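There are 2 protein chains.
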Amino acid sequence: MGQACTLTLDAMGGDHGPGVTVPAALAALRRHPDVRLVLVGDGAVLEQALAAAGGRLDERLSIRHTGQVVEMDESPSQALRYKKDSSMRVAIDLVKDGIADACVSAGNTGALMATARYVLKTLPGIDRPAICTTIPCIGGRFRMLDLGANVDCTAEHLFQFAVMGSVLTEASGDATAPRIGLLNLGEEEIKGNDQVKHAAQLLQGSDLNYVGYVEGDRMYQGVADVVVCDGFTGNVALKSSEGVAAVISHYLREEFQRNLLTRLAGLVALPVLRSLRRRLDPRRYNGASLLGLRGVVVKSHGGADAVAFEEAIEVGILEARKSVPTLIDERLGTLFAEEARS
Amino acid sequence: MGQACTLTLDAMGGDHGPGVTVPAALAALRRHPDVRLVLVGDGAVLEQALAAAGGRLDERLSIRHTGQVVEMDESPSQALRYKKDSSMRVAIDLVKDGIADACVSAGNTGALMATARYVLKTLPGIDRPAICTTIPCIGGRFRMLDLGANVDCTAEHLFQFAVMGSVLTEASGDATAPRIGLLNLGEEEIKGNDQVKHAAQLLQGSDLNYVGYVEGDRMYQGVADVVVCDGFTGNVALKSSEGVAAVISHYLREEFQRNLLTRLAGLVALPVLRSLRRRLDPRRYNGASLLGLRGVVVKSHGGADAVAFEEAIEVGILEARKSVPTLIDERLGTLFAEEARS
Chain A
1 MGQACTLTLD AMGGDHGPGV TVPAALAALR RHPDVRLVLV GDGAVLEQAL
51 AAAGGRLDER LSIRHTGQVV EMDESPSQAL RYKKDSSMRV AIDLVKDGIA
101 DACVSAGNTG ALMATARYVL KTLPGIDRPA ICTTIPCIGG RFRMLDLGAN
151 VDCTAEHLFQ FAVMGSVLTE ASGDATAPRI GLLNLGEEEI KGNDQVKHAA
201 QLLQGSDLNY VGYVEGDRMY QGVADVVVCD GFTGNVALKS SEGVAAVISH
251 YLREEFQRNL LTRLAGLVAL PVLRSLRRRL DPRRYNGASL LGLRGVVVKS
301 HGGADAVAFE EAIEVGILEA RKSVPTLIDE RLGTLFAEEA RS
Chain B
1 MGQACTLTLD AMGGDHGPGV TVPAALAALR RHPDVRLVLV GDGAVLEQAL
51 AAAGGRLDER LSIRHTGQVV EMDESPSQAL RYKKDSSMRV AIDLVKDGIA
101 DACVSAGNTG ALMATARYVL KTLPGIDRPA ICTTIPCIGG RFRMLDLGAN
151 VDCTAEHLFQ FAVMGSVLTE ASGDATAPRI GLLNLGEEEI KGNDQVKHAA
201 QLLQGSDLNY VGYVEGDRMY QGVADVVVCD GFTGNVALKS SEGVAAVISH
251 YLREEFQRNL LTRLAGLVAL PVLRSLRRRL DPRRYNGASL LGLRGVVVKS
301 HGGADAVAFE EAIEVGILEA RKSVPTLIDE RLGTLFAEEA RS
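Protein sequence lines correspond, in order, to chains A and B.
Going by my numbering, the letters in the first sequence line up with residues 1 to 342, in that order.
Going by my numbering, the letters in the second sequence line up with residues 1 to 342, in that order.
Hints in this document: simulated from the structure, not taken from any laboratory.
Please note: incorrect hints may appear among the correct ones.
Put simply, identical chains are the same to the list, so a pair is met inside one copy or across any two.
Claimed, not checked - Computed list of lysine-lysine pairs in DSSO-like fashion (alpha-carbon distance at most 30 Å, straight line):
| no. | residue 1 | residue 2 |
| --- | --- | --- |
| 1 | K84 | K121 |
| 2 | K197 | K121 |
| 3 | K322 | K197 |
| 4 | K96 | K322 |
| 5 | K322 | K191 |
| 6 | K96 | K197 |
| 7 | K96 | K84 |
| 8 | K96 | K121 |
| 9 | K121 | K322 |
| 10 | K84 | K191 |
| 11 | K96 | K191 |
| 12 | K191 | K121 |
If you're wondering where the values come from, they're calculated on a predicted model, not measured in any experiment.
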């Protein structure tokens, strides 16, 4: 059993709302006897979804009624100003008030980031929160940040991302002294833009385990545990990767459907292809961390199904148990103390 | 038969040098009876490679002896200053002197770009040359630029890339009025950095077929014929894509080798997997265009084999026959005339 903790779920968020969040909540409660969940959203709708999923309220599962919902295409400023009783906002408020240890939402990323930042505030020493996710690679997985919260980043921002990614990776038990790489268009020192070059100097001067520049293809070889980049580049890299995986799976399907013979071959190969699909299943990697805040907020993919949303809850549980924001705060304190000494 | 033209090959460039460039040259000559090639490099070495490949010199194939070679890790400034008799430099000089219509090199990208820019100069109205390549996607292929020549780009640079990509795509016969997309981290107008937003305005105000922002995953769905981005983002996106393809192929191999049963399934599926590999074969997409110069220069992958290098020669032949630099120059002239009128 892990440490007891309470999570709020933005139960109305995402493309599917309670149809996904409620069954995922029940599954997470079965897996973790020491976890409490608060479903935040329209009470009547949630009770119905709960009954449909065969669950019921008890001391580990409660509902917090709210009257509003942040739409998937709503602008962050609109959501902040006019949706103070939304499931997203209240789920975060409860973390701020210390009633919950983490919040998980499949709601729209911009609104979630803006609300989380406004309500929870950033940690001292962190200028901007970043979005971080785990990505499969040869030999395991790595974490990448920022994935789109920050379009333009200074070297200092990139350095802060490195600290946050390192702390999360270590807290997750994926690596001790995680290898930090800076995403760049070459591995030679002279390559890259000014921000990246300056960030490299900051990282070299710190006690983080900085391993140098990493190219887009090399990160999939598992050369770093944490890959740091600005949000524009990170978003494009991640989405390009998803795009290529989709093309390959499209081609694979086409090739196996070419004629009777290839269809038979496809039948024979089916178990292998299924097992490949399981390994690459993006649902297994669902749950992006909004790092740098004074509280744990996890963003699920908007189109997540119950299996995927449960993965996002897992990320929230882990970060709540490990108190990742406190760990980041402590790590920053050490780094600044070092700097002051040197 | 196409239009007659002459190409210079930097026969010493790339990881394999004449062992690859000479057989590729012979294959290209067989395919194109109207093409002349000049092998540029160490005369004795080239004659030997030619004999080994069963070829001989004639009125369509000549050797231009040079005494130097630009190393794969040589800095652009070193190459420019001290390698004036290198195969790379002389191959470009011959284009500048009007003796050849295009140059193909598998040499190091930085040195090739610097030398080409220094010797050939950029076209009027082009601030910086860009690297452009073709990429397979669902339903066909698209072109992407810049892929690494320009780390920081202004909106005007991005606009010029769009013009160049549009002209090349049209000249290649891949599309009339090619759809131009701007790579961005979302498709809403408010997303992106200042350069991208401003470039969108420039494109909207032009008569190019601008279709809006394109996300990293959507470009693989074939939503644009030309995807425009700064060189940092483009390089990371392309290499990430290659990295993911490598991971999937690695996983696929692992899954098929898991046990006797999966190995048998792999045998049955082999023809299908081979045909998939052919479709995704990066050699078929070898040959990146250095656009924006007063001459045609094509960069082959450094590790290219003869099949891949021949593809790069094909790109050079096409651009030489269509006089792509002249077409770009004319297109820019029209755009500027329009601007002056409006």
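### Message
Check the structure against each numbered hint from earlier and tell me which ones fail, lowest number first.
### Response
3, 5 and 6
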